[in-house]
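Trainee: Protein chains in written order, with the UniProt record's numbering: chain V, 1 to 298; chain X, 1 to 298; chain Z, 1 to 298; chain Y, 1 to 298; chain G, 1 to 298; chain L, 1 to 298.
Honestly, the hints are just simulated from the structure, not real lab data. Treat each hint with caution, since some may be false.
If several chains are the same, the list does not tell them apart, and a pair holds so long as it fits within one copy or across any two.
To be verified - Listed below are the simulated DSBU-like cross-link pairs for lysine-lysine, each with C-alpha atoms no more than 35 Å apart in a straight line:
hint, residue 1, residue 2
1, K163, K124
2, K95, K163
3, K123, K163
4, K95, K4
5, K297, K163
Computed from a predicted structure; not experimentally measured.
Number of protein chains: 6
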Amino acid sequence: MEEKIQGVTNDIFADVVESHSASKLFEHLQLDRDAIIGILDNLVAILFPAHFANEKTPGTYSLKYEMGTRLSNVVNCLTDQVMVSLQQHPDYCNKNDEMRRDHAEAIVGIFVDSLPEIRQLLKKDIQAGYDGDPAATSFDEIIFSYPGFYAIMVNRIAHVLYKLEVPMIPRIMTEHAHSRTGVDIHPGAQIGEYFFIDHGTGVVIGETTIIGDRVKLYQGVTLGGLSTRGGQSLRGRRRHPTIGNDVTIYSNASILGGETIIGDGCIISGNCFITSSVAPGMRVSNGKGELQIIPDKK
Amino acid sequence: MEEKIQGVTNDIFADVVESHSASKLFEHLQLDRDAIIGILDNLVAILFPAHFANEKTPGTYSLKYEMGTRLSNVVNCLTDQVMVSLQQHPDYCNKNDEMRRDHAEAIVGIFVDSLPEIRQLLKKDIQAGYDGDPAATSFDEIIFSYPGFYAIMVNRIAHVLYKLEVPMIPRIMTEHAHSRTGVDIHPGAQIGEYFFIDHGTGVVIGETTIIGDRVKLYQGVTLGGLSTRGGQSLRGRRRHPTIGNDVTIYSNASILGGETIIGDGCIISGNCFITSSVAPGMRVSNGKGELQIIPDKK
Amino acid sequence: MEEKIQGVTNDIFADVVESHSASKLFEHLQLDRDAIIGILDNLVAILFPAHFANEKTPGTYSLKYEMGTRLSNVVNCLTDQVMVSLQQHPDYCNKNDEMRRDHAEAIVGIFVDSLPEIRQLLKKDIQAGYDGDPAATSFDEIIFSYPGFYAIMVNRIAHVLYKLEVPMIPRIMTEHAHSRTGVDIHPGAQIGEYFFIDHGTGVVIGETTIIGDRVKLYQGVTLGGLSTRGGQSLRGRRRHPTIGNDVTIYSNASILGGETIIGDGCIISGNCFITSSVAPGMRVSNGKGELQIIPDKK
Amino acid sequence: MEEKIQGVTNDIFADVVESHSASKLFEHLQLDRDAIIGILDNLVAILFPAHFANEKTPGTYSLKYEMGTRLSNVVNCLTDQVMVSLQQHPDYCNKNDEMRRDHAEAIVGIFVDSLPEIRQLLKKDIQAGYDGDPAATSFDEIIFSYPGFYAIMVNRIAHVLYKLEVPMIPRIMTEHAHSRTGVDIHPGAQIGEYFFIDHGTGVVIGETTIIGDRVKLYQGVTLGGLSTRGGQSLRGRRRHPTIGNDVTIYSNASILGGETIIGDGCIISGNCFITSSVAPGMRVSNGKGELQIIPDKK
Amino acid sequence: MEEKIQGVTNDIFADVVESHSASKLFEHLQLDRDAIIGILDNLVAILFPAHFANEKTPGTYSLKYEMGTRLSNVVNCLTDQVMVSLQQHPDYCNKNDEMRRDHAEAIVGIFVDSLPEIRQLLKKDIQAGYDGDPAATSFDEIIFSYPGFYAIMVNRIAHVLYKLEVPMIPRIMTEHAHSRTGVDIHPGAQIGEYFFIDHGTGVVIGETTIIGDRVKLYQGVTLGGLSTRGGQSLRGRRRHPTIGNDVTIYSNASILGGETIIGDGCIISGNCFITSSVAPGMRVSNGKGELQIIPDKK
Amino acid sequence: MEEKIQGVTNDIFADVVESHSASKLFEHLQLDRDAIIGILDNLVAILFPAHFANEKTPGTYSLKYEMGTRLSNVVNCLTDQVMVSLQQHPDYCNKNDEMRRDHAEAIVGIFVDSLPEIRQLLKKDIQAGYDGDPAATSFDEIIFSYPGFYAIMVNRIAHVLYKLEVPMIPRIMTEHAHSRTGVDIHPGAQIGEYFFIDHGTGVVIGETTIIGDRVKLYQGVTLGGLSTRGGQSLRGRRRHPTIGNDVTIYSNASILGGETIIGDGCIISGNCFITSSVAPGMRVSNGKGELQIIPDKK
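All chains should be modelled from the sequences, with the hints used to inform the complete structure.
Mentor: This is the structure we're talking about:
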């Protein structure tokens, strides 16, 4: 067995080294996933300390010190990780370490400035969750136990980094949320205010999706692309739908395609499969094998 | 950057303090999520020590000591957490600490007494899983590796606390199970004996659902509400369906509405979308764009 | 409360002991789930050290030592766990410890030998992911953050043990991946080269499924059985479909039944529910309540 | 063996319960030694963050947050422990919890106020160590690696609590330092400025010792009592010597007795055994079986 | 550097293997020091749970479960370690594993039976400490913070194993206590009741020492051998002194030699160096370069 | 209390910042003590893997991988720490980071090369311990449980770094050993082969001490300086004695002064206080208040 262990170790080791040398696309990155998840944990503890940091006494200086310690920690770790990730940024992959560090620090500075606004957005999302779910008994319950809230919180954090063109890190963050919640929101998706996802498992929201204000989604909803046959040649194009304001999409509905627009105020019933636009104010459901689209009488 | 850190810390800190002071609904709770998950971990280790506590020798006093230590721990921690949660209970939010502690201790006493019965129920669920899945090779495999079993185990624990009107804690427990398994069972759901969920990801079972004995569900099944437009005004009403005895519901079927009753012995095919009641003994499937409902010839 | 604790402890303890004595099917196993997950963690760290072991310098001897240490550890722990699991193997449950150890060592030897080939397969899966998803920016991103990649990695590991007839352990491994990713692939499934699952939540692939090369699946796809009414009597029979080469199956489609064959090059649209075979080169979609099956004009 | 375990557990348990009930002097205290050591660790990290907290950038806000977090933590934990310890204080053992808490908070407030002064004293001790030891290469080396410095740091902390009549906790602190350094300074000892102990192992400084400024001790020095035959009847009386300013006491010398005064500027050679007072400015050494006491010609 | 690492690793590895093969005295043992220290930690937590296990409520069943869990753990771990250590026992080094296990279990059985008696002895030692030290304020303080008490507690535990001829383990235990306390008591030493060591650092008590009841020692006392020139040829012979009942030995005194007997009731002053016997009731001190031995007038 | 915490934090923070800015001698170093102790732990695990790494099977490749992993780790961490420490080296404090790194790497290279020789030296020390102590039952016992062996092991490691003029780190290493063992050997001391310290507590060996081969020391022995009145002006001069070959020094003896030479083969009795040279072959003891120096008749 000792020989086997030695042989297999040598074999895989040689292959790792070769992959590393032969290709810029394989095994050359040194991001630290645990560090990135640690950054996320600190961020949610800063944003909602009573729920994610077990802070017992919100009105005290000790909380402030705790928050400051966490934020300093976020700044240090995130700067390091962004600097590494910039090795994959087309404009920075050939720059030296100092230039990458300068740019990483600039990015982290903008990111930190955005945190108070993220908290304001999330408070509106909590309000939307409370208003939208009869089972919700308090704002605290939303923050403590709704997976959809955790997913949108991570998306709002990761989306800021995505807009700043940080490679890889936003995806690692949202995939962590995906693993915890079953909700897969690409960091590129633009999402309006008062957003609420109930239950959440199986929700997929693609990279180029645009979502308006006061939108409510249920479990299993896909906001996706029509076909991926083009593969990498489709990179950068709008491939996912646009959802207007005040739209509700019930469970397991699919809305696909970059030219599909769901108008303001629409209600999409469960299991609908939609690949073309719907005018504002419509209610869409399945009936006799076809989508029924009729004006919504509230 | 130091100034930024200080500024953002001050900003968010002030907002947390303000939220805390201004509203009874924000940030005033001090539940400890990690403690609640620790309670769950101890409970499953007590219920099935060979599988969740790595106990090597089930027939020995050392196991008994281990179980007793865990149960003592559960009693202490759960009493503390219930006492905190009662701050959100309408009858106890204005009571003093001593009265809350007395009530918390009474609740925990009843809860502890229910554990042997919970184990008996779970043994029947294991039997149902073994009988219902040709891929299952032993009872142990069900306990060790079926996410549906873990989800129903947590539900049966949390449901006892829900019936005792403990705020928040049952939901934190079931959302922990949701995160691990993709199965979202509200602690309010009433579930009969010999219950089995296969694969499980995406299953949603709403708060006021009632499920009979010997029911089998597959992945993606929703037992949900018809519309949530009423929001908080719907709180407390029956919004989710009633499922009879001996019903099988295949993958991704949706059964919605508080007045929808699925009769005893029905079989619901995959992807069916049902919003009205079905008589006992029917087999429901999709055909030519409509649901086909015919008597089941076994 | 002390009396309650003592009473309940005695009650459950007695029941555990009785279950253990009365039945070969209850509580007699002593597998260590944490150890099995630790084995998995070491294996993925060996296969892709830059991404799962935070190894910073892939071209160095220190990496080799690290890999060798991990592999030695895997060999020791896995041999122990396989030896325990063989108590449930029909040919070994009545053998003595020495014979079980000999067989466990033989199994682990074959398993270790298969690791370099597993890495080659996984490199092809990464290539398939990169080619198939316009949102993917690099191979590294696939390895770091695609849940479908993690799921197939664990499947390829567990499948080797499944073929060697190791009881229980392969399922514990794939259920760990299921919990992290929402993708439920039974270790028995046979999966070809260049396999890619996008988003992944809700995917279910049954025990006797056979999948060809260059197949792409989206979230919520079920490759399942038609009916489980037969329960344990169906054990060992083909119950799940055969998927040809170059097939794409979009989100939430279900393909069911052991005699269902999807021909090479087919494209299955989202939400299709298929229970009979499809000829090669077809495009299947829903239309007016029926499946539309037409030749695919690429 | 199971019976043995049960029998011995019952036996010792019964004895613990009996000791607890029968006597106010046995097993009724609930201090948490680990918590007290954690308080010490936080205190030294606050006083010298670059050396005991691994803080890398002393001039930054993040350090301030870190220090504030630690100090808040010290306040909470120390208040709890002091409150418990007051059960053994003659004036507070019969008071209720609220009165104990009030007094504990008052004590901790005074203690916290004393920390800046403790740091100033310790900076002088560092200077004394650097000036007094030719082997010392920097102030940092004193702080990082001199056991005598750690022992005096803990003594200066514990002495403040001792003067505030906190039971037990000061001793637990100094015994922790004793265990780490071999230097046993009773928290009651009064020690002047610019104090230095070199090597330190075996040094014992008794409860009622008084030490002047600029005193230097070497390993194995005992400043102790003459006889302990009186036992508890001696409690509270001066039993240990008075050491003047600018005294140096070389290794393994013993100075004993509550009426023994070593005058300013004396030098005591190694191994001297002194039980009566020495006038200022003397040099004491052993010679021909007797102490030689002669004026010191510097 | 990589080559250096590889070269040095190979070099030392080869030497370790060679030492292992060439000699029965080198590197062939597989005792686990951390496990042995863990056993000690559990034992002191069983003996004095309020002080070493942070048990908050001594009069409850949860304490009993906790103690039982710890004792079961001790039995398992100690049996394993004793079995390994028996490879060095002259009567068992050539026996098979089963015989070693049988003997290990017999040893551990006797050891467990001795624990209640050890607790009774230790309670007398606590009484002796309280009576003998005016600085002691309670029994609890002795248990919590006197290093001499910890040292005698470990000695009384290790001595039982020593008498049962367990190789190595007793020494590893007493050296752990030595490291924590500076008190080095060989597990072979026989020590009577009501034993007290004050301060403790530097105390050495040799393997063949015999100590009576009510003996009190101070820091730096050596009860040692006269000459070690004979080396291994002296193994097994009485080499250390006999101390009678009611003897007090003050700090840094040395009493050497296997034929040296200190009679009952003697008082030995600090720094005395004694190599021959002293009659009962004497007071020994230094004077004019010689020992002064006079009757003690109490 | 919040105000107090804030005030004291601000006060100490300001003082730390000021100390840092005002002086090159205060708080500017960023060594990581825990990292240095981690390096030591890895080194002793490489040198004696069966005793300090719990390696169960010394003759296997897995051990080699483990050793290589540890050594790689040592190289990385030690290079970092040496680079930091060079900020205090007179020749490197004004150099840039790259030059410090180059020099650190050169130092670590030499250090690594010395490890096999250190192991050879230590094997001789083990032999000396076994031959010299009748209580020692095996070589393993020496390695497992003799504090003197641990102290000399750390000294031999730290001495190599001291000779390479690494600031601070050697002292932090030996003070760690001092804390564990009570044996204080300055890393500058030169120590010959076959060195043995029995019991060890209280031994002090000064920076400029030179010790020959086959020397044996007992607890409490001081090899120290005569006077430290000169303070820093004495830096670099010989201040401690020279001990010849084959010398035995019994407990608590003190040998002081840089011009004091103890000749080959001398035997120094316990408690002797020696400040001038002794010719070879002498036996020194106390008698009638004076040292008796007579030829040793073996």
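Trainee: All the hints need checking, so say for each whether the structure fits it.
Mentor: Status of each hint after checking the structure:
1. For the homomeric pair K163 and K124, the shortest alpha-carbon distances inside one copy (22 Å) and between copies (31 Å) are both at most 35 Å.
2. In this assembly of identical chains, K95 and K163 lie within 35 Å of each other by CA distance solely inside one copy; the values are 21 Å within and 41 Å between copies.
3. In the homo-oligomer, the alpha carbons of K123 and K163 lie at most 35 Å apart both inside one protomer (22 Å) and across protomers (30 Å), since each shortest distance falls under that limit.
4. Taking identical chains as interchangeable, the C-alpha atoms of K95 and K4 lie at most 35 Å apart only when they sit on different chains, with a minimum of 27 Å there against 43 Å within one chain.
5. Neither within a single protomer nor between protomers do K297 and K163 lie at most 35 Å apart by alpha-carbon distance, with minima of 39 Å and 38 Å respectively.
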